[in-house]
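Whole structure, please, built from the sequences with the hints as guidance.
First to last, the protein sequences are chains V and D. Quick note: the first sequence uses this note's numbering, first residue 1, plus one each step. Quick note: the second sequence uses this note's numbering, first residue 1001, plus one each step.
To be clear, the hints were calculated from the coordinates, so they are not data collected in a lab. We put the CB at the ideal spot given by N, CA and C, even for glycine. A portion of the hints provided could be inaccurate.
Unchecked claim - Just a few of them, taken from the derived set where beta-carbon distance is under 8 Å, the chain D residues facing chain V:
1. V1236
2. S1237
3. A1510
4. M1513
5. Q1517
6. V1596
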Amino acid sequence: MDLLEVKSISKTYGSGETAVQALKNVSFTVPKGEFVAIVGESGPGKSTLLNMLGALDPPTSGQVFIDGKDTFSMKERELTIFRRRNIGFIFQAFNLIPELTVEQNIVFPVLLDYKKPDKKYLEELLAVLNLKERRHHLPSQLSGGQQQRVAIGRALMTRPSLILADEPTGNLDSQNSSEVIALLKKTAKKYEQTIIMITHSRSIAQTADRVLQVTDGVLTDFGRCCE
Amino acid sequence: MKSYLSLIPLSAKVHRRQNRMTNLCIIFAVFLVTAVFGMAEMGIKLEMGRLLEKHGSQALVNLSSNQAVQTMILAAVVLFVLILIAGVLMISSSLNSNVAQRTKFFGMMRCIGMSKEQIIRFVRLEALNWCKTAIPIGVLLGIVMTWALCAVLRFFVGGEFSEMTLFGVSPIGIASGVIVGVVTVLIAASAPAKRAAKVSTITAVSGGMENENITKCAVNPRFYKIETALGVHHAVSAKKNLFLMTGSFALSIILFLSFSVLIELIGHVMPQFSNTPDLTISSADHSNAADTALLDKISGMEGVKRVYGRRSFFSVPVETDSDAGQAEVADLISYDTFDLECLVKDKLLQKGSDISKVYGDSRWVLAICDAGGRLKTGDIVRVGSEELEIAGLLKYNPFSDDGSTNGEVTLIASGETFVRLTEENDYSLIMIQTTADATDEDVAAICSILDENCVFQDKREQRTTSLYLAFMLFVYGFLAMITLVAVLNIMNSISMSVSARTKQYGAMRAVGMDERQLTRMIAAEAFTYALSGCVVGCIIGLLISRLLYDNLITTHYSYAVWRIPTGSLTIIILFVVIAVIAAVYAPTKRIRNTSVTDTINEL
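Okay, here's the thing in structure tokens:
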């Protein structure tokens, strides 16, 4: 079953002569549990695509279905709640909340839903992410790799079906990078989650189930790497 | 670029929105001072001109040694200093958050070789760069305001202000405006400049430690919602910002409460009675010699609005219950119906008084005696063979300057009651209120029908109505200014705080914070500032209010007692709430209108 369905989306920034077409008529589907890497040269396109998949930025035309729901037909508040419960974000710059501890940062999306965090799941996540000893630390007291692991924890806490990662290893060294990717793959498998990740690293792209390339707003599906 | 300082105007252009509030603060401070000093100069010029014309140069010497004038000058100086502090607090709080937001920028500057001294100079010059436009605007606004106020005084208040210069330019006002602008900006910039210089290069390179003194947030979602907890934490965690915010809130409240005392003081110094006469006719030998026919005659004359009279009988032997049989004396005065009505209108009666019993031929009178004195409502007073009952007491003695009775008792009866008691029909004092268009000829006509036993006095010049109105205009104008300053300041700080966290808010929205939660978070922060400011401001403000009241009012008017100004407090709280709502509205709207992706990527 397809978790994600993208139907001919286009995005244009600006208008008239200065108009930049970041995406041109992009369509693809992603089945449940797949790990997709998006590669491509620097420039607009990849992040724009990811933002649209995450319902952060509306496309100029086209539709995005997550779990069969047309995300951009929802109202702002409905969409926010949908995002909160179904999509996990991991940013290159971590974007943790500086005044919250590791544990608080991870449970933050659950708290936004006014629900009690699942203690058992939290312990499990902290163990998997190897952050148990750091749970009461502030983000500023952690290394880059640790901060990114916290961000991953935050993305996983609500058990979303879709995880969107924008160069999650962009700020990390190769050792940390491979650790983070391995962790992501492991958790995704464990919790049956779909991952869509932008990356510049060939080695990471090679470990993905499928690779999509965005060049000048056009999407090319390379299919499975190992094929 | 000629020097590194050429960056200042360039960065000012880029950060126009963030700087707008700081600019407004400077404009406001300069405007206020220019207008105040301008008005003061105009007022002094007018007063000096009039005194010179009337009494020669001797009067000027008397004016400066007059104790009341000195008190007023002292009060003005104190309030001026308070406003200056408010200005400094306001500008420094916005500069402070401005610098805090650019920690990275200053760290980067340090990295590429800017020395600490250069950073300090940079921040100072940046602040002065704002003055370049803000001060002229402030001065201009101040001058225009002076003109407007002069026009209001001249055309609406009138009286002694009808000779006010309309388009005067006050050099003192302009000079003080410019000086205040530059000085406050320099004082306000000094702390943030040092702070900017302290930014470590590592901070900038690592990028992680944007806020050095982050404290842990005591989030307890069982008691608070997460967004409320975060909002409160935002307010409380930045100690310096909290202090500045609380300080400026509190200062505005303190100023408000102090000015409220000034309003009361003016009410005591220049009491505005509804029965103040323009012309009086009294009998030369203080007897009741003006007959009732005269009153009727005058009431029909040109230019007369109202005529009423008083009869008096001094040192009447009376007996009261309290000193059982012991003989005493009291002054007995008759009030016409209009006079009695004015007592109610001017709120001169103590609580529990029932003036309705006094009207007409009755056995009820009003009494003036010391607070906690011998007489109270319901007491019986025997005058000759008659027994009179006290229907009410006056708050203070309107016949003396300071409201005290000097231990004497005065009874006020209606005209009819007085005549029955004393069999005295004629008046000792006839009072006339003229119509607004009464001419000197009308007054002369009234004077001409009097015989030589009567003393005629023209008191139109002594009316303090226009002076009173001018003072009230001034004080209420200032109160409005203070309120505006406070509202602006609150809006500024919240806006600053929000733009400092734009990226963070973007991330929160991306992980699922909805707009309502975002608004609640910002509102929680704003209300935290407001609450701490209100508590501190009200406590200190009430103490100062009490102190001012006791020193300025109670020492001169012993009957006046300080009470908690519940009216002012209600207004303060109302305004604070409105200001906070207004302050929250603009930045949340701004955030809502920017897409999540923009805010995350903003640096």
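For each hint, the structure was consulted:
1. V1236: 10 Å, violated
2. S1237: 6 Å, holds
3. A1510: Interface hint status for A1510 (chain D): holds (5 Å vs cutoff 8 Å).
4. M1513: Check passed: Cβ of M1513 (chain D) comes within 5 Å of chain V, closer than 8 Å.
5. Q1517: With Cβ-Cβ at 6 Å, under 8 Å, it holds.
6. V1596: Hint on V1596 (chain D): holds, closest Cβ of chain V at ~4 Å, below 8 Å.
Against the hints set out earlier in the document, a violation occurs for number 1 only.
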